[in-house]
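Please build the complex by placing chain B on the supplied structure of chain A, with the hints as guidance.
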Amino acid sequence: MSFFRSQEMDGWFSHLHKDNAFEFQFDHYYMCLMIGFAALRDDPLQGGSELIRHFPGPYAAASKLIVGLLLIAETKKLGKQLSNKRDVEFIVQQYLESSGSGALNDVGFDRINNYANGGFKYLAEEYDDKPYHADTFFGWYTERLRKLAAESPLWSSQKAIML
Amino acid sequence: MKLTLLGWESTGLRCPDLAIDLTKDGIAPRVSLVQMPNGTGKTTTLDLIKASLTGRAMDWSSDDVRRLRRPGSANDSGKFVLRLLADNDPLTFELSFDFLEEKVTYRTSWRASGGIKDGWEPPLEVKRFLNDRFVPLFIFNGELAQDLLDGRQAKALEAIDALCQLEHLDSIVTVALEDWQQATRNQGARTASGLAGWKSREEKLDARLKKVQDLRQKLTSELSSEEARISELQIELNDRLKYDHTTQKRKEEIETKIHSHEIALVEKTRGILQLIRQPQFLSPHFAGGLAMLKDQFDRVRLPERTSRQFFVELADESQCVCGRPIGETERQAILGQANNYLANELYSFINSLKGDISQSVLDEPQAVSSRIGAMVAEQKLIRRELSQFRTELEQIRAESITDAGVAAQKLAIELKACEAKRDELSDMLAKIDEHPDSDVSDDSWSIRGLQRELARVRDMIAQITGTVELKAKLDTIQVIAKRTKEIARERLRGAIRDDCNKTLEKVLSGDPIRIEKIGNSLSLRDQDGASVGQTLAVGYTFLTTLLNRGAHKFPLVVDSPAGSLDDGVRTRVGRMIPALCDQFVAFTISTERGYFLPALEEVAGDSIVYLTAFRTTKGMQAVIDSLPASAGRSVDGAVVSNREYFLKFEMPQEQE
Chain A
1 MSFFRSQEMD
11 GWFSHLHKDN
21 AFEFQFDHYY
31 MCLMIGFAAL
41 RDDPLQGGSE
51 LIRHFPGPYA
61 AASKLIVGLL
71 LIAETKKLGK
81 QLSNKRDVEF
91 IVQQYLESSG
101 SGALNDVGFD
111 RINNYANGGF
121 KYLAEEYDDK
131 PYHADTFFGW
141 YTERLRKLAA
151 ESPLWSSQKA
161 IML
Chain B
164 MKLTLLGWES
174 TGLRCPDLAI
184 DLTKDGIAPR
194 VSLVQMPNGT
204 GKTTTLDLIK
214 ASLTGRAMDW
224 SSDDVRRLRR
234 PGSANDSGKF
244 VLRLLADNDP
254 LTFELSFDFL
264 EEKVTYRTSW
274 RASGGIKDGW
284 EPPLEVKRFL
294 NDRFVPLFIF
304 NGELAQDLLD
314 GRQAKALEAI
324 DALCQLEHLD
334 SIVTVALEDW
344 QQATRNQGAR
354 TASGLAGWKS
364 REEKLDARLK
374 KVQDLRQKLT
384 SELSSEEARI
394 SELQIELNDR
404 LKYDHTTQKR
414 KEEIETKIHS
424 HEIALVEKTR
434 GILQLIRQPQ
444 FLSPHFAGGL
454 AMLKDQFDRV
464 RLPERTSRQF
474 FVELADESQC
484 VCGRPIGETE
494 RQAILGQANN
504 YLANELYSFI
514 NSLKGDISQS
524 VLDEPQAVSS
534 RIGAMVAEQK
544 LIRRELSQFR
554 TELEQIRAES
564 ITDAGVAAQK
574 LAIELKACEA
584 KRDELSDMLA
594 KIDEHPDSDV
604 SDDSWSIRGL
614 QRELARVRDM
624 IAQITGTVEL
634 KAKLDTIQVI
644 AKRTKEIARE
654 RLRGAIRDDC
664 NKTLEKVLSG
674 DPIRIEKIGN
684 SLSLRDQDGA
694 SVGQTLAVGY
704 TFLTTLLNRG
714 AHKFPLVVDS
724 PAGSLDDGVR
734 TRVGRMIPAL
744 CDQFVAFTIS
754 TERGYFLPAL
764 EEVAGDSIVY
774 LTAFRTTKGM
784 QAVIDSLPAS
794 AGRSVDGAVV
804 SNREYFLKFE
814 MPQEQE
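Those protein sequence lines, which keep their order, are chains A and B. For the first sequence, position 71 (counting from the first letter as 1) is numbered 71 according to my numbering, and the numbering increases by one without interruption. For the second sequence, position 458 (counting from the first letter as 1) is numbered 621 according to my numbering, and the numbering increases by one without interruption.
Chain A extracted, bound-state conformation:
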């Protein structure tokens, strides 16, 4: 299994490449994914195209944190409790390869791809047009993400830590 994204995703972000904003197509995927997490929106991805089988270099350091956010989101979705050890073990076992590499298993990839797709759908619906300039888009994106998380029943219940 791999990271899969909607066919339209790259086209939607294409203008930002002219702005030298992105180095990796995974950047698009990631930004959609974070919106999907913030909005707790997961839209089933039908088909889609394969992006990459693992977190690319610039994301290696944050890969476990990203998986951590998936675990938090899925705990909420499944009605499980992080304060319950067996629930936590169930979630970890459900979504991760037992190799301990932090790699997602098929179920984990399926879920994370759905969140990225949900996030992409949200962006396409909410942003006026395709993004043309990174400064404009980044500003809108980061503000919207913070707002979504702050209003989300899941994330707003967490203590805010400004970094």
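Hints should not be assumed to be uniformly reliable.
Unchecked claim - Going by beta-carbon spacing under 10 Å, a handful of chain A positions derived as facing chain B:
{"#": "1", "residue": "M1"}
{"#": "2", "residue": "F37"}
{"#": "3", "residue": "A62"}
{"#": "4", "residue": "S98"}
{"#": "5", "residue": "Y122"}
{"#": "6", "residue": "D135"}
{"#": "7", "residue": "T136"}
{"#": "8", "residue": "L163"}
Calculated directly from the structure, the hints in this document are not laboratory data. Each residue gets a CB set at the ideal place from its N, CA and C atoms; glycine is no exception.
Quick look at chain B alone, frame taken from chain A:
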């Protein structure tokens, strides 16, 4: 390798406490006769000898162990020690019975390996023969000899395979198969048809790559021409544009600022992206959520110190960490418990995640406002100033072009068209030169993507080619192993048959019985069946020929070797056996002595040890009272090593 049985000693077990010494003057004679009345524990002793040799007592159930406890006894332990020589070096197996825990533990003593070792640890050169298939070939009852001639069984074939260890040929195939499966585990195609598919894809990708490379060359050439033309037009236009000193100075200042702002904008954008790529900076609630996740892991004590592997490995043990034996019930309970724990590796992941959260969230200095927000604000300011500078520069140029006349205006129009063309070509080349981080399709425009995909496909072809070749090699190994086994069996059967017939000719002179063929069983020449005596003679001959083949020599240990034979046959078998092997150990009862013992003595001479062993019960008081001074005594048994005593010993209740 020569294995010699020296004796054994049992205490606290179902059989009487006895120390049996099969040696005479420190040497194992050709024949050792152990006369044990029925009920003295012959079967138990033979089972213990087999268990000592095979190490199987470790797998015994609680019932198996309990059955060996002395009936009516309150003793908590028992011991059986078997003494042997392996190539003239003493080898001892010691079985300790714990009747409370209902388990058996082994100790092995072997000088060459440094003395006593816990566990069943025979030397490797001996170990390969000490298994369930081979040991029953030299420690057996008379039935085996009959089974060898039974066409419904494959005892003869099994015996040859066991001795010559032809199963090693199967092991070679198994190892090769495992190696091949390992090599091909992650590959989709294992056949030549799969290879053809990948080669077809290689051709397509190669053709596409060449096409895109040609296009790139053409576009680069066109771009170069456009840029050259743009450069000419810019020079020509600039020559026509006239700026006064003040305007010229302002123009140069603006151009410098545009340049520095463009650089700053790229740097700022990349800086923001670096922060965006770390989710804890994106939202304070994400950071808080991650901190909460670590806190919950800590609260529920994850990772645990015990992982699933601990229980899975424990279930494989014969004994628990608390010392109790692990049977099937316990094994299932332990494996059930294992399901409540994560694998080691998943605990390792949780640990790493906690470490990353600590480092990235908890140890990170907190800010008053979002770092990303601050950088985005700075980025917007740079973008706004850049736009202003570009607009101002455009205005200066536009005014200058208007002032420079029609020719300059035409040059400006052409320059704009060339710049549009250049941008179009640049876009196309950017597409060709991009670094896709995903797998590319066969019609991709990316040269690097196509090159990477082509390399992957070629690597796959190389692997598959290797797989196909590996599979061909595996098939060859299978054919060789199978054929080798067939040929080896055929030749061994022929050679063993000839050896057996030579021996039969010698030991049964006057008897025309011969082995015609060794298939699954032994077939006799010119006769459909054989008498009991003939059967035993052929069976013993076959087994001893096998056991003493090559450099290997094993003792022949038989329970009641003459029990079912008539007088004439006893004489023949008695004469034959000492000639067949270096050591013959027979468990007998007094009624077997007639005709059999004189025949044995006739051939073995004085290389015979005569042992009489019995349980010292109340009913045996008269016998106990008449024991010679040299008799060995224990709480419940006696053993006498004396020919005269052996010959005179009678138990009225004994029956054959």
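Going through the hints against the structure:
1. M1: At 13 Å from the nearest chain B Cβ, M1 (chain A) fails the 10 Å test, so the hint is violated.
2. F37: Holds, about 8 Å.
3. A62: holds (5 Å)
4. S98: At about 5 Å, which falls below the 10 Å cut-off, the nearest Cβ of chain B leaves the hint on S98 (chain A) intact, so it holds.
5. Y122: Result: violated, 15 Å to nearest chain B Cβ.
6. D135: holds (4 Å)
7. T136: holds (8 Å)
8. L163: holds (5 Å)
Hints 1 and 5, counting from the list given before, are not met by this structure.
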